[in-house]
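Colleague: So the chains spell out like this:
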Amino acid sequence: MRKLALSDEILLTVEKPARYIGGEVNMQVKNPAEVDIRFCMCFPDVYEIGMSHLGIQILYDILNRREDTYCERVYSPWTDMDKLMREKNIPLFALESQDPIKAFDFLGITLQYEMCYTNILQILELSQIPIYAKDRTEEDPIVIGGGPCSYNPEPIADFFDFFYIGEGETVYDEILDAYKEWRKQGKTRREYLEMVARIEGMYVPAFYDVIYKEDQTIESFTKNNTAAPDKVRKQVEMNLSEAYYPTKPVVPFIKATQDRVVLEIQRGCIRGCRFCQAGMIYRPTRERSLEYLKKCAYEMLQSTGHEEISLSSLSSSDYSKLQELVYFLIDEFGSKGVNISLPSLRIDAFSLDVMSKVQDIRKSSLTFAPEAGTQRLRDVINKGLTEEAILGGSMKAFQSGWNQVKLYFMLGLPTETDEDIEGIAILSDRIAREYYTIPKEQRNGKVSITSSTSFFVPKPFTPFQWCRMDTGEEFIRKARFLKDKVREQLNQKSIKYRWHEAKLTELEGVFARGDRRISKVIYDAYKAGCIYDSWSEYFDYDKWMKAFEDNGIDIAFYNCREREEDEIFPWDFIDVGVTKEFLLREYKRAKGEKVTPNCKQACFHCGAKVFGGGVCQEHCPADAKEVSTDEGKN
Amino acid sequence: MKARIKFQKYGAMKFIGHLDIMRYFQKLFRRANIDNEYTKGFSPHQIMSFAAPLGVGLTSDAEYLDVQLLSCDAPDVMVERINAILTEGFRIVDFHPLLEAELNTKVVTAMSLVALADYLVSLKDGYTINDTIITQSDFAEAFRKFMKNPEIVIGKKTKTSEKEVNIKPMISLAAFDQDEYEMKLQECLRYPYVKNKPESKADVYENGIQLYLQIDTGSSANLKPELVMEAFYEELGLAFEKSAWQVHRLEVYTKDPVTGKLAALNQVDR
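Heads up: the protein sequence lines correspond to chains A and B, in order.
Counted the way our numbering counts, the first sequence spans residues 1 to 634.
Counted the way our numbering counts, the second sequence spans residues 1 to 270.
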């Protein structure tokens, strides 16, 4: 029988002991003594959130296919457990073997959102691994970072031995093979990192030096080790239909945030919304084949016993075989008590038909993400959704019986005026008015519209990476202004308005575009007690402000500054395919309120074509003339 | 058709709460391709009901779950099919088909049948009771003395008030080793006691201090073994240490209203 790392006494005092015992369905069981490499994969947030993440399941599957490797999992201990582990000096352990992580060869940490950074330090400290990479010895695990936030790893660069930039399917074998080779030779930790640096896509922060100008911007970013490349090229899995897919995902005992089979139908997005980092860094858009997805759906439902399946992608409506796939899922599994959970789709005859089949109209709502309140601003951000489409789609849905609409917007987008903000209230009202044009006897009670706003954070590798971001005060003024405007509308009683925390957004801004000097702030804030920052009950703004102040770091430098066109960004050393020149071109088009067509309409030569596949191959053959470039240069 | 499944829950699974066990079984049946009956509507779910939810921290040889099926194989095949995909900490020991409810009679739920349950309460290694109760015979002596009290009164908290309850009538058996337990048990059972089938999954501790208890369980009268131990500690003038004791459920019974004899839930046909 598996022995647990924690005593009954501890497990019976903490909330949800199932977070720490492992033993779930489809957990990999191997004998640690019989493998060469022990790898611990970490999602630095609480178990229920981490277990919902598809990326970890993919990597867990890939690594465990190697007979010489045992990949296990660890998540952030909740605060109650954190306290007990510190008091009793219990080292953090992996769920499978319940062995301490400090005895592992690798600790891989996925970076899904900036606000998990203090949790990374918690993981390291509880594992009894030195927090700073420079303090680690040959005895410590190699700490790897990966995932979306590694597209600007600089604010946490000091804590990692290396970052895997890009998609995890490609070079883990090389990294592990090199590790076995290195250990055979009994060389130093630095020598292993040199071997790693020679693998495409790997970034070893210690092999680069940053020099800052007097104005605090970057003077130079240069390598100090010949093993390191000048530019790190992101990794892309070009053949998604043959790629590994975790057909036996681990099924938690306690309800995870995603308690369902998740089918990734495609990667990347053709739309090119200018605020969206995922839309740029995952280029080119690549679809998985219909046959492959059907097979995965079968296998995963069978192996997990989940009663729900959902489709995952950045823009499902753009998947070319969507109708076939969705009808297949409904026909094949609907009768077996499997719920089909649909991602937000463009509202048309197809999606309304599907929704009426799989959802209870009375309980479900329509979701739109116009992101901005006026057509002008939607053109600036290149969000193709028009007011006509929103009103038309809503009307169709209202006529089919729906009466709940959710709308998502952002405040603080570049060039935004009060008129654009008021537009959010007006658009919400127009949808309500549309509803009330339906004769009373055909209506399904009152309409309910929920408009939510988040605050815009400029992200690296987007056309808005040069932009100034609003301050917390500006955000709050805008949210209040909008709230008043909503109250002025005719149908104000039908409109609910919600907005996000502004203080957290400020920090997100700093971490998103920060440089190496931010590491110390994160370290100090963590040492002062900051953890689980994305959980509002634990977020402590004052402690963060003190950490910034103590380190003489000005938030405004990172957030509230329009950057020069030729400024060197901390993330410029990463080559994501999409060029800086394209992003700048897009930024200028944004200011000119010019819409850029999507990848299937016309190629605007973003640079992702270098990967030689996906939508680029289908819609922009190699010999195509650069039809759009001239128009694009303004 | 209806069937009653008896299963063991042990090891690390004692940390999984009742609601999560329900979710676990729903997914388990789907993985085993069991032909469960579902409720109708937009969010269909399997029709199932548990007899007596087990608290977090407890292990068991006798958990009962009633399921509604559209079709199934022979009982031993069903046991095998489900066991083949169970994860560590669960084991199916019986698949017992039930008779269909007769027309115009009230549907009998597993929960409504439950009248009593047997428990094995063991002191975990690394814990002690006090300076004088060191061995199992010390413990047996102290507990027998405790049971000689004309009344065992505990404060039972409800949502609104705290009232005093005499729990002594709710304790129908106390024994200190397997033989004594079996001997006493024979007298109250409707069918002969089956020894060691299946093998118990109760944790065994070196200190040997243990107590067999049969107490009222179910909707009409319900006593938790922890409360008995708490009252015992109070008698000794000690603060009860809950994590020192491992409670293991041995069996759950229904009681014949006429003869007063007990039958395990998988020994009846409804």
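Hints are supplied without guarantee of correctness; some may be wrong.
[Stated by the list, open to error] In silico BS3-like pairs for lysine-lysine, Cα to Cα no more than 27 Å straight-line:
#: 1; chain 1: B; residue 1: Lys124; chain 2: B; residue 2: Lys27
#: 2; chain 1: B; residue 1: Lys124; chain 2: B; residue 2: Lys40
#: 3; chain 1: B; residue 1: Lys197; chain 2: A; residue 2: Lys3
#: 4; chain 1: B; residue 1: Lys124; chain 2: A; residue 2: Lys294
#: 5; chain 1: B; residue 1: Lys40; chain 2: A; residue 2: Lys363
[Unchecked claim] To list a few chain A residues with every Cβ distance to chain B over 10 Å, as calculated:
#: 6; residue: Met1
#: 7; residue: Ile21
#: 8; residue: Lys88
#: 9; residue: Glu125
#: 10; residue: Ile254
#: 11; residue: Lys255
#: 12; residue: Thr304
#: 13; residue: Gln323
#: 14; residue: Glu441
#: 15; residue: Lys496
#: 16; residue: Trp499
Simulated from the structure, these hints should not be mistaken for laboratory data.
Cβ coordinates follow ideal geometry from the N, Cα and C atoms, glycine included.
Colleague: Against which earlier hints does the structure fall short, listed by number upward?
Modeller: 1, 2, 4, 6, 7, 10, 11 and 12
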